[in-house]
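Chemist: Sequence:
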Amino acid sequence: MTARAASSTAVLVCQGRAAADGRYAVGRFSDPVAVRLLDPAERAVVDRVRTGAAPPGSERMAYEMVRRTGITMVPRTVAIDAAVRAHAAPQVVILGAGLDARAWRMPELADATVYEVDHPASQADKVRRAGALEPVAGRLVPVAVDLAADSLAGPLVAAGFDREVATTWVWEGVVPYLTARAVRGTVAQVAELSATGSRLVVNYQARSLFTRVMQGAMRLVWRLSRQPDPMAGEPWRSMWRPGQLRTLLQRGGFEVLSDESLLALAEGLDLPPGNEGSLRNGRILVAVLR
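The numbering of the sequence shown is this note's numbering, which starts it at 1 and goes up by one.
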């Protein structure tokens with residue numbers, strides 16, 4: 001496994017969920033566990049966002065990152081949660097789990113075994129942060145795998161995963177950070193490990209020149225402000241046209257049931273303006289193995 005620190009983008013995503021909890025799409029979105037997975041300094045930024053007290057100067061960048069991430073996380077979380085509920089599988093595998101809180105906040109998982117797959121550094125950090133939090137899932141099993149370099153099958157089966165049982169796979173916020181080759185390899189492994197009827201829920205980023213330009217501009221602003229860039233160690237490595245990803249999944253034996261932008265999924269959630277670009281290019285795809 002490659003040596004690296006725990007994921008900083010996982011922290012940002014968790015901050016976004018914590019900032020949005022109880023403020024946006026009330027009754028549709030909720031994640032009261034997210035704030036409990038954050039360290040004190042990380043919570044401080046969330047508290048500022050929740051009160052709307054934007055700080056002056058260089059601290060404004062971190063504030064805006066968390067605020068905008070919170071807007072994006074609402075439709076993303078709502079859509080993925082709905083897909084998990086719609087397929088009440090006895091096994092749920094969360095690929096690149098980061099600081100995902102579903103095993104602690106979704107009572108629908110009470111009869112399921114949840115396998116949280118992640119790089120060992122991020123997984124160790126997750127265990128530290130979760131501490132004595134009690135999951136509501138029937139069973140929670142950590143599985144250490146570097147999706148960019150390692151085989152998924154061996155560690156997952158060794159942890160008790162049953163290839164003959166229908167599974168829901170959640171692949172959220174990971175695809176952009178993998179090379180196209182690693183994405184193809186992971187799809188092939190998931191198909192090989194899945195029983196007929198298993199579902200794969202994928203969050204991916206559509207190709208967008210605007211997004212690339214904005215990312216470059218953000219990196220420049222971080223450097224000029226002399227603030228640590230939370231994305232520096234985790235650059236995006238692949239974006240996909242919807243047709244490309246559908247073709248890849250179909251070749252693996254999956255039938256695509258839906259593939260929608262976060263912007264479309266945000267309709268009716270009454271979100272504030274401010275992150276339309278990310279909502280337009282972020283997508284949620286649901287597929288079933290035939």
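Since the hints were derived computationally from the structure, they do not count as laboratory data.
Positions of the beta carbon are idealized from the N, C-alpha and C atoms, including for glycine.
There may be inaccurate statements among the hints.
[Stated by the list, open to error] Using C-beta positions, here's what the derived DEER-type ranges look like:
no. : residue 1 : residue 2 : range
1   : Val-157   : Glu-267   : 18 to 24 Å
2   : Glu-64    : Gly-154   : 18 to 24 Å
3   : Gly-274   : Thr-179   : 41 to 47 Å
4   : Ala-124   : Ala-82    : 29 to 35 Å
5   : Gly-274   : Ser-8     : 42 to 48 Å
6   : Glu-164   : Gly-274   : 42 to 48 Å
7   : Ala-159   : Leu-133   : 43 to 49 Å
8   : Gly-27    : Ala-158   : 39 to 45 Å
9   : Ser-151   : Arg-251   : 31 to 37 Å
Chemist: Work down the list of hints and note, for each, if the structure agrees.
Modeler: Now the hints, each set against the structure:
| no. | hint | in the structure |
| --- | --- | --- |
| 1 | Val-157 <-> Glu-267: 18 to 24 Å | 41 Å, violated |
| 2 | Glu-64 <-> Gly-154: 18 to 24 Å | 42 Å, violated |
| 3 | Gly-274 <-> Thr-179: 41 to 47 Å | 31 Å, violated |
| 4 | Ala-124 <-> Ala-82: 29 to 35 Å | 31 Å, holds |
| 5 | Gly-274 <-> Ser-8: 42 to 48 Å | 22 Å, violated |
| 6 | Glu-164 <-> Gly-274: 42 to 48 Å | 46 Å, holds |
| 7 | Ala-159 <-> Leu-133: 43 to 49 Å | 20 Å, violated |
| 8 | Gly-27 <-> Ala-158: 39 to 45 Å | 41 Å, holds |
| 9 | Ser-151 <-> Arg-251: 31 to 37 Å | 20 Å, violated |
Hint compliance for this structure: hints 1, 2, 3, 5, 7 and 9 are not met, and every other hint is.
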